[in-house]
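Take these sequences, add in the hints, and give me the full structure.
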Amino acid sequence: MSEPIALRRGSRPKPASLKRRTPPQTRRNGATSPFPPDLVRRATQWGIGGLIAVGSVVTVWLMGLPQQIAWETGEAIGRAGFAVRHVDVSGVQRMARLPVYAAALDQPSNAMPLVDLQQIRERLLAQPWVADVSVSRRLPDTLAIRVVEREPMALWQNQGVVHLVDANGVALQPVDARNWPDLPLIVGPDANLQAKALLTLLDAAPALKAEMTDAVWIGGRRWDIRFRSGETLALPEGDAAAIRALKLFAKLDGAQGLLKRGFVRFDMRLPDKMVIRVTDEPGRQATPVISAENAVPI
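The sequence shown begins at 1 in the UniProt record's numbering and counts up by one.
Just so you know, the hints here were simulated from the structure itself, not pulled from any lab data.
Incorrect hints may appear among the rest.
To be verified - Calculated pairs, DSS-like style, for lysine-lysine (alpha carbon to alpha carbon, straight line, at most 25 Å):
| id | residue 1 | residue 2 |
| --- | --- | --- |
| 1 | Lys260 | Lys247 |
| 2 | Lys251 | Lys273 |
| 3 | Lys260 | Lys209 |
| 4 | Lys247 | Lys196 |
| 5 | Lys209 | Lys196 |
| 6 | Lys273 | Lys247 |
This is how it looks when you write it as structure tokens:
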């Protein structure tokens, strides 16, 4: 016979306390989000400083997560308002804007944490006009792109096509030379790579710039300068020697008026000597003996 259980009057036995467990929310594939469900909603109510801090922390956090979880978390943040809706582009003066927007928006996701800023930058640096560029997030929904364009410094003619080039010889785009009358025209294979040297050369004799039509890169080693009145000036090899010769020619032209007198060619390839070729009819406007495209070393 079992012993009776003593009960206090008016009391009832209390059942064991059980806490109801709430299972973690999971995606269809069973991945668990590492953030509380309302985190990103609350973040949108914070100030700019808070948004920047959240963006930085989230990006670093995603880098350490498994790929699928990081992707799903980034998408959740995007749905909460942190998604690309605007692209702010500055610094674009001459290049087309469409390639900039295309590089920024061609992404597998527009969620801010998942946008690959380095990839966007590399795409833009591949554009001929872009010398440098920075890409950054401006939370909650804007990509900021700052472009530094190359400066067109010369026209380069090769195989019948004229391109704008910068001082380093980078071909920017095909153009009509008539629309760029203030830029010097350089002609021949690889002449674009000598653009900086030519600009330095012309700065040594600014009075001749207005008289020049083009400069032909001869044999990959020296320049022929052609003038509007039809003459050709053959300069020696080497930057220093070419500068000395051009300065001397400018001085002689200023003193004696060598141009527009019917001469055809001034050859200054030999040190301290100039050989002049004349036409049969002095005073008649001279014409070039060969075209710039077909110029060869002599």
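Verification of the hints:
Restraint check: the Cα-Cα separation between lysine 260 and lysine 247 comes to about 18 Å, which is no more than 25 Å; the hinted pair holds. This hinted pair checks out: lysine 251 and lysine 273 have alpha carbons roughly 14 Å apart, not beyond 25 Å. Restraint check for lysine 260 and lysine 209: satisfied, since their Cα atoms lie roughly 15 Å apart, inside the 25 Å limit. Distance restraint check for lysine 247 and lysine 196: the Cα-Cα separation of roughly 18 Å lies within the 25 Å cut-off, and the hinted pair is therefore satisfied.
At most 25 Å may separate the alpha-carbon atoms for a hinted pair to count; lysine 209 and lysine 196 meet this at roughly 15 Å. The straight-line distance between the Cα atoms of lysine 273 and lysine 247 is roughly 13 Å, inside the 25 Å bound, and the hint therefore holds.
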